[in-house]
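A.B. asks: One letter stands for each residue in the lines below.
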Amino acid sequence: MITWSNFVAQLFNGLALGALLALISSGLTIIYGSLGVLNLAHGAMFTLGGYAGLAAYQATGSFAVAVLAGAAALFGFGVALERLIIRHFYARPHEDQLLVTFGLAIVIVEVVRWAFSSESQSVAAPRLFSGITNMGFMLYPTYRLTVVVICAVALLALFLVLYKTRLGMIVRAGIEDATMVDSLGINVGRVFMVVFGVGAMAAGFAGIINAPIVSLTPDVGEAILVQAFVVVVIGGVGSFPGAVLGGLIAGEIISLTSMVNPAYAYIMLFAVMTLVLMMRPRGLLGVKGRD
Amino acid sequence: MEHHGGKPNFNTNRRALVRAGIGVAGGLVLPGGFAARAFAADHPPIGTWPEGASGSSVFVSIAVPRTGVYAVQGEDELKGWQLAIEHINSGHELIRRISPKTRKGVLGKQLEAIVTDSGAKPNNAVQAHQRAITEKKAILLTGSTSSAVAVATNKFAQREKVLYLAGISGSNDTTGKDCVRYGFRQDFYGETAANAIGPVLVKVFGKNKKAAFMTPDYTYGHTTTKSVNDYLTAKGGWTTVTNQVSPLGALDFSSYLLNVANSGADVLVNVNWGRDAVLSIQQAQKFGILDKMKLVVPYQIPFLAPEVGGNLLAGVYAATDYWWTLEDKFPLAKMFNAEFVKKFGYHPEWGAENAYNSFAHWARMVEEAGSFYPPDVIKAYEKGQTIPSLVGDVRYRPEDHQCVRPVVIVRGKATKDMKNKEDYWEVIDVVPGAPLMQKPDAFGCNPGDYA
Amino acid sequence: MIGRFRVEIVTAACLIAAPFVLPHLGLAPNTVNRILVLGLFGIGFDILFGYTGLLSFGQSALYGTGGFVAAYLLTRAGFAHVVSAIVLGTLVSAVVGYLVGLIALRRTGIYFAMITVAIAEVFFFVEFNPLSAWTGGENGLPGVPTPHFNLGFATLDFSSGWSMYPFLAFWYFVAIVLALRIVRSPVGIVLRAIRENPLRAAAAGHNIHGYKLTAFVTAAAYAGFAGGLLGTMQGFMPPEAFHFDTSGQIVILTAIGGRGTLFGPLVGAAVWLSLEDFLQATLKLGAAWKLVLGLVFVLLVCFLHQGIIGGVRDLYRLLLGRRMPAPAGAAAGASSAANAGTPVALHHVAADYAGPILQATGLTKHYGGVVANEAIEFTVRTGEMRGIIGPNGAGKSTFFKMLTCEVPPTAGRIVFEGRDITGMSVTDVCQFGLTKSYQVNQLFNHLTVRENLRVVVLAELRGKFRLDLFADPARIPGLVERVVHTAALVDLTGRLDTPVSELAYGEKRRLEVGLALASSPSLLLLDEPLAGMSPSERVETVRLLKSIGRGRTMIIIDHDMDSLFELVEHVTVLQEGRVLAEGTPKEIKGNAAVQEAYLGGMNGATHA
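So the sequence lines, in the order shown, correspond to chains A, B and C. Numbering follows the working numbering, in which position 92 of the first sequence is assigned residue number 92; successive positions increment by one, without gaps. Numbering follows the working numbering, in which position 363 of the second sequence is assigned residue number 363; successive positions increment by one, without gaps. Numbering follows the working numbering, in which position 134 of the third sequence is assigned residue number 134; successive positions increment by one, without gaps.
Only chain A is shown next, with the shape it has when bound in the complex (with noise of 0.2 Å):
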């Protein structure tokens, strides 16, 4: 069905499945360069995030008050998770904290199954957002566009903190070297407790934006953790603008793909990542420093 309609509205299309895995990565790949932790619970703490932000929405009805929770409820949750585990694993070897991590991604997700049960749950968009935009080659939910320029905002505002703070200068440097950054005499401790807790934070809001869009179950958060990953393969580890450039080839390979044949959508993409892997060994915009 290839239509030149077809094919701009799917590169559209493309555009807000990439914006929100943009989001979702930069966490994965802030947390993976300056901690060196693979967080296999950054899929769960999507799925925590959407869930926390229902919670709210049930007992308050207001979607705005929703997104707030699930942010602040996953940046407590980050923050605590590295205080009481993840730190103790930085000196373990690498497999033990992909464990363990790995092992409260099931924990996570299982606590909102039994909390919230199997069945899907909907939260819905506000009103205000929640029609058809004619956009002149097609029709599009007016959330989706919404979503985008949200996540467009969220990833400018993680741009600030990263490149016009103090605090984000700090991140930058201990994802190049974090021993370097220790022997000046900067807390180390604390700047990992903060970005662990914005990694989770960012999966978090993008799970409770993207819950209108899909509705909510326990499961949400598997294929969003294996993509996040893929995404910052292709990026480069530790990399900030890689997060994004990533997350946008990778929302216009899976549907420009499903133009063609919908069900080789995923596969295109772990192709994809494999010969930027061959081509390009530390990824697109990879940060020297971190394997």
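Hints in this document: simulated from the structure, not taken from any laboratory. Hints may contain errors.
[To be verified] A partial selection of chain B residues facing chain A, derived with a Cβ cut-off under 8 Å:
{"hint": "1", "residue": "72"}
{"hint": "2", "residue": "246"}
{"hint": "3", "residue": "254"}
{"hint": "4", "residue": "255"}
{"hint": "5", "residue": "258"}
{"hint": "6", "residue": "262"}
{"hint": "7", "residue": "275"}
{"hint": "8", "residue": "328"}
{"hint": "9", "residue": "331"}
[Stated by the list, open to error] Chain A regions said to be covered by chain B (calculated; three or more residues, Cβ under 8 Å):
{"hint": "10", "stretch": "4 to 10"}
{"hint": "11", "stretch": "13 to 23"}
{"hint": "12", "stretch": "110 to 119"}
{"hint": "13", "stretch": "135 to 147"}
{"hint": "14", "stretch": "215 to 224"}
{"hint": "15", "stretch": "261 to 269"}
We treat Cβ as the ideally placed atom computed from N, Cα and C, and that holds for glycine.
Since chain A is already given, all that's left is putting chains B and C on it; use the hints.
C.D. replies: Same frame as chain A, but now just chains B and C:
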């Protein structure tokens, strides 16, 4: 060696003892071979018979999705089985209308259910049934919402020589190319749905229309899409402009919907099921598709209407196995509804009806056969007698074990037309089953052996 | 004899006793069978992950491949014999594993892991879609027959439940015996070295890529065999075998049981599956069972560093007290004095080459815009003791890295004993007889001194790569002697069986030198061997280096000029990537330009 042919208990214990002791020696004894000499009955043991039928209870293994994409439908059909078991065990009047020889239980034995969560995954279901057979000597298997599970369980049942009643299963293959001697299906399926709803669609929408299909990527999806497509193109001159195949459990249908939106179709035939159907329909509305095209659901999903919400199904045609307002036409349906509402607080969907029917029929067949011996029960089914059900008289075809039963065409009601909370669909037609079905061997059914 | 096969015997005994004991623990026969299959699958994974340190999430692809090939042969292709079908499936799986490994192993760490994830997903997809005519798509392949053997005098029929157990237990036993053999073999030793320190393993002369590929193919073979067993055990080959979850599951099970133990996956599967049954059936937890299991898993990872087996082992040690080091160390100590002087044949590329042993011409290294080394001309005569000094940032370490071919030069040539080695690999260079002792210790930290040295000697005795998976290291002539000899050379004879983590810093430095020595190089480079040492340690080390240097050529970088000048005959001074001066120590001390280079940027005298 003493022969105690008339006392099953003794032989069961003895055999169990013998088995445990030599089980480790490498299975050098053919399974049951030893026992063949010890048990002087009319038949050699087969499957879990006679062990499973020797106590005061018999076990039924039910593997149903309680989590995952089909969880909601799984819970509903589970209730149908539970009600059927309760009624059979107590000799309820409704059961006796379908199985007149039933007193209390089946052949005097109480039914007990072993329920496991299959998550709609064939592997989980097969493992669960395996356990039930090995540990409890289950004499009946049931459960499926996904046809992949039904097909896998079909093969498993045939290997283990234990009867299997399919739950919800819409694929043509279940009594088609994947049919087995030990498997039976009560509900309607892709071919009958297509042939029932096809004429309605051609009449309502006209000839030479363009259709877009959305298909879940597994056996049920592909066979149903094929059946519907075949009917519409052959009998209505329709063309299929696109077929969007999505993986089971997909969450975001945007890519597929954009393709549909750009396809120029007049009608969207959504074969997706369970949560996939709910999400794809909700998202279709948000992409403006439901304003441009008419939606058709050729294989209705229990609870679709309340889950989708928002009046999206008003005027939508669907084919189904049962809708509770049929009670006006069928007295047994009325009784069933009343009992179900009493026990569970809501009107049953067609998953529950399918479950109840299939168990009632099985109880009848066992009573007719006078024994749990699987080949006898199978032959009882294969007599092809006309028997009652919740929707009138039906019969089972001996060639493929498919029940010949009507297909119900419904149309969604607008919220303003609903007379009560559960009045989602209006019954348009009850189409008799026989003319809707393919010839028994048309889909390559080749059932296996009895033993 | 029995002592050596202790593990095998105990395993056999447990496998035989299991059907009598386990039912009393509430384990159903089908669960036990599944545990065996997963345990077998995990053996190969443990070799890959636990022993070689390669965390692969792609094992499901091989599990499924082996299983589906076997199932296809048995169901659709009319194969009659179950075991041959499974073996064929295993062979296909190994070949596929080889091809997949060629791609995946080109990267390391997270990138390797992600490629394995991609492979798992692609295989699942291919099973589901394009190849569904062969694989049955989402239905899988039903109707897989159970094994049936006609032995002439009896027939063996394995169906389900306990009847299938002996068949599976037999194959598990075979699998574990083979695996034990593999990990005890020289290949196994090298795999462990790769896990500990891949850089050093390569510098020791091992073709680590070849060994990694070997581990990968081994894991693939085990996975494929297990897949075949799964199909016949269930009578049905499920598409779930290819699912990414299956890969994840084997990772979890191995971690729970204990990685690097071979039995870890079996223990992990036993714990996981029986808890699953227990929580669902007995405690009737319903859907919450997975939550409890997840919590158990997290707790296990947090508190037990090597899973359950590791925990049991630690508990055992705690209760019984640490055992004394094996007597073998004492025996070696007695003979150390005698061995210290015994010469061992050195490695040469061309032993009778008459010219300078090393000649670097125009050696240059640029990192982007930074010039690390520029047009260095450097020649060393055979038997010479050469020193290299220079202020910080002079490019000394980079120069060494180029000489050992760890880093390719931007321009220039390196000739070793007349052979152009420019652009070769550090492994090849080591095999030729050129090694380096690192500035920052590159040891195999979880191994003992003896085991550290053994890794290097194995490369020397066996070459870059040898597929001796089933060989017995005790039978390799000269292995023990050379290890002991090298230890004596660096004065570590009394510490042979001490783990590296318990060595003092000075001892670690000596071991570092020992590792470079163990392959009997004819040219030995030493990068700051005296760094971080106290004055008395320095004296000792200088004496050691002098004794090592006999019959060998050595090039030493250091900042301690006093000590260095005692050792070497000739000194090269580098500054800002270039050669500043060359001469005898006396000449260098008096060289004005050198003094300028040092004093010009620093206060203080001779120590830089």
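A.B. asks: If a hint holds in the structure, say so; if it does not, say that too.
C.D. replies: Each hint tested on the structure:
{"no.": "1", "hint": "72", "in the structure": "holds, 6 Å"}
{"no.": "2", "hint": "246", "in the structure": "holds, 6 Å"}
{"no.": "3", "hint": "254", "in the structure": "holds, 5 Å"}
{"no.": "4", "hint": "255", "in the structure": "holds, 3 Å"}
{"no.": "5", "hint": "258", "in the structure": "holds, 5 Å"}
{"no.": "6", "hint": "262", "in the structure": "holds, 4 Å"}
{"no.": "7", "hint": "275", "in the structure": "holds, 6 Å"}
{"no.": "8", "hint": "328", "in the structure": "violated, 31 Å"}
{"no.": "9", "hint": "331", "in the structure": "violated, 34 Å"}
{"no.": "10", "hint": "4 to 10", "in the structure": "holds (count 4)"}
{"no.": "11", "hint": "13 to 23", "in the structure": "holds (count 3)"}
{"no.": "12", "hint": "110 to 119", "in the structure": "holds (count 3)"}
{"no.": "13", "hint": "135 to 147", "in the structure": "holds (count 6)"}
{"no.": "14", "hint": "215 to 224", "in the structure": "holds (count 5)"}
{"no.": "15", "hint": "261 to 269", "in the structure": "holds (count 3)"}
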